[in-house]
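Each of the two chains sits in its own frame; use the hints to bring them together as a complex.
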Amino acid sequence: MKVTLRVWRQPGPGEPGGFVRYALDDPPPETTLLEALDGLNEWLVGLGEAPVAFDSDCREGICGACGIVVDGRPHGPRPGTTTCLLALRDFAAGATITLEPLRTGVFPVVRDLVVDRGALDRVVRAGGYVSVRAGSAPEANALPVGHDVAERALDAAACIGCGACVAACPNGSAALFVGAKLAHLALLPQGQPERARRARALVGAADREGFGGCALHRECEAVCPKGIAIDVIGRMNREYLSAVAAGWWRGRRRPVSSA
Amino acid sequence: MILDGRVPSGPLAARWARRLDDLELVGPVRRRGHHVLVVGAGLAGASAAATLSELGYRVCALTFHDSPRRAHSVAAQGGINAAKNYGNDGDSVERLFHDTLKGGDFRSRESNVYRLAELSARIIDQAVAQGVPFAREYGGHLANRSFGGTLVSRTFYARGQTGQQLLLGAYQALAKEEAAGGVTVLARREMLDLIVVDGRARGVIARDLVSGALETHVADAVVLATGGYANVYYRSTNAKASNATAIWRAYRRGAAFANPGFVQFHPTALPATSEQQAKLTLMSESLRNDGRVWVPLRPGDERGPVDIPEAERDYFLERRYPRYGNLLPRDVASRAVKAMCDDGRGIGPGGRGVYLDLTEAAERLGAATLRERYGNLFEMYEHITGDDPLRVAMRIAPAAHYTMGGLWVDYDLMSTIPGLFVLGEANFSDHGANRLGASALMQGLADGYFILPATLGGYLADAKLAPIADDAPEARAALADVRARLETLLARQGRRAAGDFHRALGRILWEFCGLERSRDGLVKAIEEIAALREAFWADVTVPGGGRELNQELERAGRVADFLELGELMCRDALARDESCGCHFRVEHQTGDGEARRDDDHFAHVAAWTPGESGRSPGRLVEPLEFDAAAPDERSYR
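Read top to bottom, the protein sequences are chains B and S. What the first sequence shows, in numbering that gives the first Met the number 0, is residues 0 to 258, in sequence order. What the second sequence shows, in numbering that gives the first Met the number 0, is residues 0 to 636, in sequence order.
No wet-lab data here; the hints were simulated from the structure. Keep in mind that the hints are not guaranteed to be accurate.
[Claimed, not checked] To be clear about the criterion: a stretch of chain S counts as covered by chain B if any three or more of its residues have a C-beta under 8 Å from a C-beta of chain B, and this derived list gives those stretches:
#1 469-483
#2 502-508
#3 513-520
[Said to hold, decoys possible] Far from chain B, some chain S residues (derived; all Cβ distances over 10 Å):
#4 Asp3
#5 Val28
#6 Arg69
#7 Ala212
#8 Arg251
#9 Glu301
#10 Asp341
#11 Lys463
#12 Arg532
#13 Glu586
#14 Ala602
#15 Arg618
#16 Asp631
We put the CB at the ideal spot given by N, CA and C, even for glycine.
Looking at chain S on its own, in the form it has when it is part of the complex (with noise of 0.2 Å):
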């Protein structure tokens, strides 16, 4: 089967315009009639929602947080990219476009991608307004730098935490609209399922997580922007709480979710020390901007890095790709990093790690321009190994980070359920197989202020929805799902916990579904999570009860759906018998290790359904086609 992304015809650079005016309006009166429900509050929840009130829409926001400013896109560090060309070096809504179609290997949509390009410099300009503190120049101006991936500097940032800034300002956004009496935010709610009536999306189920009751919330449209499952491999830079279960229960009522398999790993994280330790701590791309990335040229070397003279240094990404040099995309730095540890130069315990090197920058430019830059950064890093990295070389390796894959979504961002949109790391639209640095903040701000609202709006006007009571039929069916699954973990009473079985399920995924994937491997993944999936449901173990506030409970949901989702991770990895951008099937590369393509048979979108009870889920396709930029080799060298 194939799905239709709904993509407006004509010239690309004129496509958003022209499905702004094809969009029915609805008018301001009815829209004060019209509830909406917007399940997490980050970037593009928090946007959303507070866009969809200032236009008269009644907005309920749930957030699993104790507030919606600790939403995880507090942590994106480094910036968000514009098409402003404040920097006059040659920028242009067609070059991001360009760049980030080409970041992401030709596996996105194109029309999409021309459109975030498109509305990239007007969410610069309401961040400003908002009160957003970007670095600036002396004279006054905004300050830009560059990210990977990219020739131009058209980054605008807040020191190493933009995400922060962005969030807080889309949060004062939120907070404006709660006091207007447009939006109510109902914080420590988690979705547990989706309520859907005559095929369209009407409401979720939702756990109070500190009182432990289950409540039904009813709407005329549900937007999911959960954000992404990077922590299905358990060791991630994601938050701890970051999961998968609002969009999971959503695929599992009929969502399809596209390229699950496509998970970006960052090259610049903190190694682990522990075999206990899950969340691993990120060092902002940006510090590429000045750092150096190498590893000592003789395999072995036991030598501390200020010991290595420069002569006896592999600076490997400058030598195999001069053209960018460390400023390379993530998913061909990650793997060239990879290549450095199997090639046994690897540094630090098990060699799983490289050098970034910023001590010569420090010489250069001084400290104080560093710290202006990038303070926070290095006081977290200092603060996790007890190093000064202006004095002694960090040490980093990759890391799971940044899904591209998630529910499928036409161009309107509406999933395969009428009534179900899907924001930011959630869905699958822009990035392809690679996201490029500085794109993440970008996206969830374009759906949240600018897309959203529009699309939502046209959906609302044609769609005929009946009333809808929160007793209706759906909902008590769904309500009842989720009392018999809670009930299900609690009763087990087995002999392990939750995290436990996560632990297992990363390790086989790290190893079989992450840098590097091969068919034998994948085989192999996919009999063992049904294996452990079976474990967890004999074994587990969930102390307490289900009427109180029990995190334990609360996990162990989240990993049940993760075991079902890696499945389905190896099983789109297995499908797509190629190589493109983060996924790299070792059957399919070049000479010289890079990813080779196969646009004959894999130029798309894969979507996967949920299988009947007990049948293998289905694959649709979306064929990506090129009108703009036909797709060529993707070289940084």
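Looking at chain B on its own, in the form it has when it is part of the complex (with noise of 0.2 Å):
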């Protein structure tokens, strides 16, 4: 199949870059994209020259290390899908696939399509999580969670932290990444404990790493490879008024920042 990639090409954070084109040479419609841009980078090594740098892994979907904007979409043109489960027959015989890094300022490019999204880890680090020491877990089944909470639980808790929500949005909001996670915990019953110090301290985190605001365009459902809905934002939003609105009524406000 006659494809063309057309790649962004940075030798380094901070330095100037832009795209090359390259031809491929024919290969059968069932390649994925990502092992089409392994061949183009085998012989761009033979030839002695720097291969495309790209993080990918796993090539099925769940470790959400590829994120690329293929045509100008997280995760190409196939809705549900990462980018490694692209093949090229998701694209035009002739076509040419223009690849560049998820472009946000939250995520600087490190290589070619390489970024950054140490962010995400951040945010999590500032509270998205249960507190529990290895050893002290009650017996599994002593505390029921009804069949469609636990779903519901797993449908938030599915996001692969790839990044594409943000890159999607306009305003590079994290608030799909971080509903999902607060909607994850605040279903299940382990998550009560700490339910409105986690939607205080993940929403300041965001703040801090610099995502933007939420404006409901709905870009980061549209690209989500997980299906995460909108709904999630919705969650994260009465999560955070009623953990500040109760926090003020007790008297005990305190900056989002100190959270």
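Quick look at the structure:
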């Protein structure tokens, strides 16, 4: 299948970059986009040229490493899928496929298509967990969790942390990512004791990292490879407001940044 | 030479409790003074790092990923075993122990397997408390399903993404400890050598993959949780970056490598579509709860699966193994699939696949029920093949998947280098010659949450460790070795990319050290790999420099290590002149084509040590003794 890759090449952070076109040597249509990139890289290496740097690992849509903007859309034209599961047959014969890094100020470009998504880890570190020490857990069936509640929690917990939602958002907001984590833990009984603190902490951390606010453009939902629905953002807002309100009523209102 | 696993004596069920009683404790204040390095942040590494920090140790965790959440544990699909007996179907610690021991064809250490079964229930408790959203019954209690090699339902699951959910639990525990200040996570760091001082592991040399800087990290103990090496076959179900470099570098520094030839081939991966393709996508074993495996009765039948009537299908697993049927262990199932393909009845390109058929279950149970059980697996299959598995039978084929072999560890998970602990798939300890499905997650978490945090304390309490500086002579020497090796790779300027050598290595191993092995084939493979290794060092090319993000340099270093490890795998397979579990020597089979063990000569772990310059590796043995369960013939018929 004849395709041309138009790839963003940038030697390092803060350095000027630009697009370079590579006509591929007729790979079969079932080749995945990233295998085509592997093939291109091996050819470049044979010529002694620097291969295209890109993040990718599991190649089955679960690790979240591969966030590439394909033809202007994070994870490409097919809804509900990651970059690594795109095949050349998802594109028209003769197409020029444009590959760019996830573009948002919070994810600096490291090289070519590789970006630094460390901000997402720092948001989780602010409180996206249940504080339970190994060894202190009660018997697993002691606390029943409704079937539908567990399923909804898993829908939210399915987030792979790829950052596509941020790159798709005109405001560079991480609301879908934050909302998914808050929804996951707020739905489950195990998440209750820290629920208010967690909401304040995650929202505050996202602000500090420089992620923008949500204006309900819904671009995040459209590109999320795991189909996480925008409901989680409503959930985030409710969690946050009730946490702040409860704090205010108790007369212990603290600024968000120290949450 | 004989290796001693340092297993506590006494009745099997009391051994772990006894070891816990015997271990010296480190007081809370002294714990804060101990630095521990954890390399790898998957299930085993993240759970260990988090738990050590909870205890008060100062932990530095290295991962080559950009975030610990991407470790390959994330891709485990079907579930995690635990002897909870929630199904009231006769399960118990004893039964899980026995299933696992038998599943491993009596080539694992009995005491370790028992401890694993014993700890399994607490892992589920821990994960649930962290907020892992396991599947639930309508009454709100935890749901279970079955996996291969068992007749009970003991597998806990979160759709087809159990590994992801458990990893997020461990990752969040790690994040909690980072926030508490006990753990520093260094992302995009690759361990390239081990620092050994006075015979003890005291640190690692790591490369910052972004800047290319080489770093010296020193500590009081080093924990490797760096996963398995099935990528040595080039084509496998492992993630692209999974590699053996950390454990191989430790082996080169003297840590014995146990049973390197024990590799699991998973029967239900999607067949490859091109030569270039390395990653094979797995379809979880759990699908065999509802799916049936078959081939056309007639060789060369070209019709599509929908057009072949029931009477002209051969449900060969159910026919040959009526007791376990489709829920056979992976080694036996993979060989049965290969037998059908060798018989000319395989389907798809090259006749290398068989059908895994859920269409009947879809009619019986309804599509909605199946989507709830396996949803994301179906999506993945459809994305890749364009077929809906609820309408058309899936096409599957065996693929290299998991390595039971790994660094040798004693009962305390310590390698032959004191102070070097090895967890999860990176060690050899619990699965013998074949791992049962849903046991890898169990082992990684048992090691990380419960075993290592106790045994490491025992080591630190006893060890008299002198302070160590970053510029200790041993650290400087290791750093110089790493630098020289990277410079050699960069200087070669040959004509072939590392990936090309990797593919060639994979072809040799798949043919001669794959589902079937023979003396002649292994001898040939050893010669061919040695020649390939020479060609690699003469003709590899790596563009760019060392002081930058250079993914080709990373790849070349890993392939160089695979080229050494591949040979050791063949040596191990050659020396083990019997068939057991995954290791099928064609010379040793029963009349029905099953593996024939030789307990008189091979009831042992083989642990290899690197030869002195130019000499062949040495082979140590640890005899396996079975007090509780005498090895019997492993039959699933």
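Hint by hint, here is what the structure shows:
1. 469-483: Violated, because only 0 residues of the region 469-483 of chain S bring their Cβ atoms closer than 8 Å to Cβ atoms of chain B.
2. 502-508: This one is violated; 0 residues, fewer than the three required, reach chain B with a Cβ under 8 Å.
3. 513-520: That given contact is violated, which follows from only 0 residues of the region 513-520 of chain S lying within Cβ reach (below 8 Å) of chain B.
4. Asp3: holds, 29 Å
5. Val28: holds, 19 Å
6. Arg69: Given that some Cβ of chain B is not farther than 10 Å from that of arginine 69 (chain S), nearest at about 4 Å, it is violated.
7. Ala212: holds, 14 Å
8. Arg251: holds, 25 Å
9. Glu301: Fine: 20 Å to the nearest Cβ keeps glutamate 301 (chain S) off the interface.
10. Asp341: Aspartate 341 (chain S) is indeed farther than 10 Å from all Cβ atoms of chain B, at 26 Å.
11. Lys463: Nearest chain B Cβ is 28 Å from lysine 463 (chain S), so the label holds.
12. Arg532: holds, 19 Å
13. Glu586: Label holds. Min Cβ-Cβ 37 Å, cutoff 10 Å.
14. Ala602: holds, 35 Å
15. Arg618: It holds; arginine 618 (chain S) is separated from chain B by about 34 Å at its closest Cβ, greater than 10 Å.
16. Asp631: Its Cβ never comes within 10 Å of chain B, the nearest being 33 Å, so this holds.
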